[in-house]
Amino acid sequence: MSGLIFQVLRFGFVGVAATLTHYIVALGASALHVPILWANAVGFVIAFFVSFCGHRHYTFADRDIPAGASFRRFAMIAIGGFFFSEGLLAALLKLTTLSETAALTVALATTAGLNFLFSRYWAFHPGAQSVGPSVYKS
1 MSGLIFQVLR FGFVGVAATL THYIVALGAS ALHVPILWAN AVGFVIAFFV
51 SFCGHRHYTF ADRDIPAGAS FRRFAMIAIG GFFFSEGLLA ALLKLTTLSE
101 TAALTVALAT TAGLNFLFSR YWAFHPGAQS VGPSVYKS
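The end of the sequence shown is residue 138 by my numbering, with every number in the run present.
Warning: the hint list may mix true and false statements.
What the hints assert, rightly or not - Beta-carbon label-pair distances, calculated as ranges: (1) Ala61 - Thr19: 16 to 26 Å; (2) Leu108 - Ala75: 26 to 36 Å; (3) Ala41 - Gly113: 19 to 29 Å.
FYI, nobody ran anything at the bench for these hints, they're computed from the structure.
What you are looking at is a predicted structure, and each value in this text was computed from that prediction instead of being measured.
We put the CB at the ideal spot given by N, CA and C, even for glycine.
Taking the hints into account, I'd like the entire structure generated from these sequences.
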């Protein structure tokens with residue numbers, strides 16, 4: 001059980017680093033007069049790589065799987081998580097009396113928990129099946 005707790009803590013540490021990267025890159029791009037929606041997209045892409053590398057080499061470093069397989073899976077999780085979070089946030093704002101801050105907190109916390117589970121049991125799991133054609137020989 002303590003191994004799982006430390007893995008969750010490492011996941012959180014990498015997540016915070018990626019979130020700060022996203023924020024700083026987006027603000028920096030915006031300061032350079034890049035429209036905020038584009039700046040946010042650039043921040044997301046840079047943060048994705050920080051997150052993937054951090055999880056591959058730190059959070060789930062003990063997993064022995066090809067980088068290409070975990071990259072494809074993690075990309076699906078990150079993109080799916082982004083859209084899930086947006087949808088949940090929109091639903092919470094429309095269907096509840098939660099404030100924007102509370103709704104955002106619920107959406108981000110729920111998405112982070114799901115991202116951890118999908119990452120642990122699929123993206124960085126050595127026995128997980130890949131999506132799409134495999135470039136690795138069995």
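Do the hints match the structure? See the list:
1. In this structure, alanine 61 and threonine 19 meet the distance hint of 16 to 26 Å, their C-beta atoms being roughly 21 Å apart.
2. Distance hint check: the CB atoms of leucine 108 and alanine 75 are about 19 Å apart, inconsistent with the given range 26 to 36 Å.
3. Between alanine 41 and glycine 113 the beta carbon distance is about 24 Å. The supplied range of 19 to 29 Å therefore holds.
In this structure, the one hint that does not hold is number 2.
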